[in-house]
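Here the structure of chain A is known, so what remains is to put chain B in place on it, guided by the hints.
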Amino acid sequence: MSGVRVLVGTRKGAFTLESDGKREKWDVNGPHFGGWEIYHLKGSPADPNRLYASQTSGWFGQLIQRSSDGGKTWEPVGNKFTYDGVPGTHQWYDGTPHPWEFKRVWHLEPSLTDPDTVYAGVEDAALFQTTDGGQNWQEQPGLRCHGSGSSWAPGAGGLGLHTIVLDPSNPKRMFIAISAAGTFRTDDGGVTWKPINQGLRSQHIPDPTAEVGHCVHRIAMHKSRPNTLFMQKHWDVMRTDDSGESWREVSGNLPTDFGFVVDVHAHEPETIYVVPIKSDSEHFPPDGKLRVYRSRSGGDEWEALTKGLPQQDCYVNVLRDAMAVDAMDSCGVYFGTTGGQVYASKDGGDNWSAIVRDLPAVLSVEVQTLK
Amino acid sequence: MIRVVLPWHLRNLARVDSEVTIAVSGQVTQRSVLDALEEAYPVLRGTIRDHDSAKRRPFLRFFACEEDLSHESPDAPLPDAVVQGKEPFLVVGAIAGG
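Protein sequences, first through last, are from chains A and B.
FYI, the numbering for the first sequence is 1425 to 1795, going by my numbering.
FYI, the numbering for the second sequence is 2 to 99, going by my numbering.
Hint data in this document are derived by calculation from the structure and do not stem from the laboratory.
From the three backbone atoms N, C-alpha and C, an ideal C-beta is built for every residue, glycine too.
Do not rely on the hints blindly, as some may be mistaken.
Here are the in silico distance ranges between beta carbons for each label pair [unchecked claim]:
(1) A:1521 - B:55: 20 to 26 angstroms
(2) A:1595 - B:17: 39 to 45 angstroms
(3) A:1778 - B:44: 34 to 40 angstroms
(4) A:1580 - B:95: 21 to 27 angstroms
Chain A with its partners taken away, still in its complex shape (with noise of 0.2 angstroms):
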């Protein structure tokens, strides 16, 4: 494998960070649409030269930007997203219901298999898809208008889809995060969906066992084993090991179960990595102490990886969809702060260094693995 591309959404701008194999030195490119807040971008599977960035402003409101030559150049695409028919109403703030209205995408999934077929998950919580590399974009309807859908409510940050995870062993099935509604899967190719939070147990709602409601932040899958996924919820750090039918808590000896990624080793399926928040109050790492924990056991058993990381004084926060890995023998696990640093450790997580300290607030953070 030759290098590595990592991709990096900021408040002001998108950045691409390339080195080789060695992963020692890094040019950092960019800003690509500077001033504008990128909150993701992320490469083809099935062509790693074709990226998709979300572009938004509170001004000028939502693009979609491609590129064909890996991020060297980009283009405007569709920025059309309409909900399918008449969107209706969700839970605001308040309880009142709230008309369905579009705000940003969050995330964007392209297919395995196919360039122009691209997954976004978008604020007021809808998934749509293109298969036409971004000029065209279609809601898949039956997870909004899933009979649950009138309830759902936003976190504070919004009504977001924020999670997309394809299953590689079965192109029907697919998974999805809200915030905070929870999580759903398909196995129909998105044509119907069903929420999937049994296990799942969340203080901050009046049924804290409820089907929908939950906080989800983030799940992960090691695409070796598709009925596997870890979450890191609003608090607790869950496991499922039958496709979202039943969860169990795995937060283990963490110093505090509240965070927002989580991630799987390239190579193997049951070490996965998290970074604790001191609580939904103070989003900083506790005690001022950037600690990445890593679990060789799927959850339970955790240990602090601290060496290059800083340990006093620090106050950054590592947000949904800003750690991400790749695939080279020894895997590389990397992750961006709203402090502007992007680190990286390319032993597994045993130790770290900056990429680059000083750029916008980090919002997201993707890796490929260039062959």
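Coordinates of chain B only, in the frame set by chain A:
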């Protein structure tokens, strides 16, 4: 020809200089100017007006001849000076921090 001044980000997006000049057929109104602008620069669709409702985005304003026309009807005629090309139609982004 109608002169239109766009905010910096939209100039970059449309890859134009400080001012664009567009032909508008029929009555010159906010709607007809913006329709012609979007026809000439499709990338601007959805960035000034909402795709579906065609309403002005909340953080943008429309100025001309030292007047704020943002709350005028989109079908109201624009000032003669704009129609005659003596004054530009300005799309202005709200000043806001962050």
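inquiry  = Are any of the numbered hints broken by this structure? If so, which, sorted upward?
reply    = No hint contradicted; all consistent.
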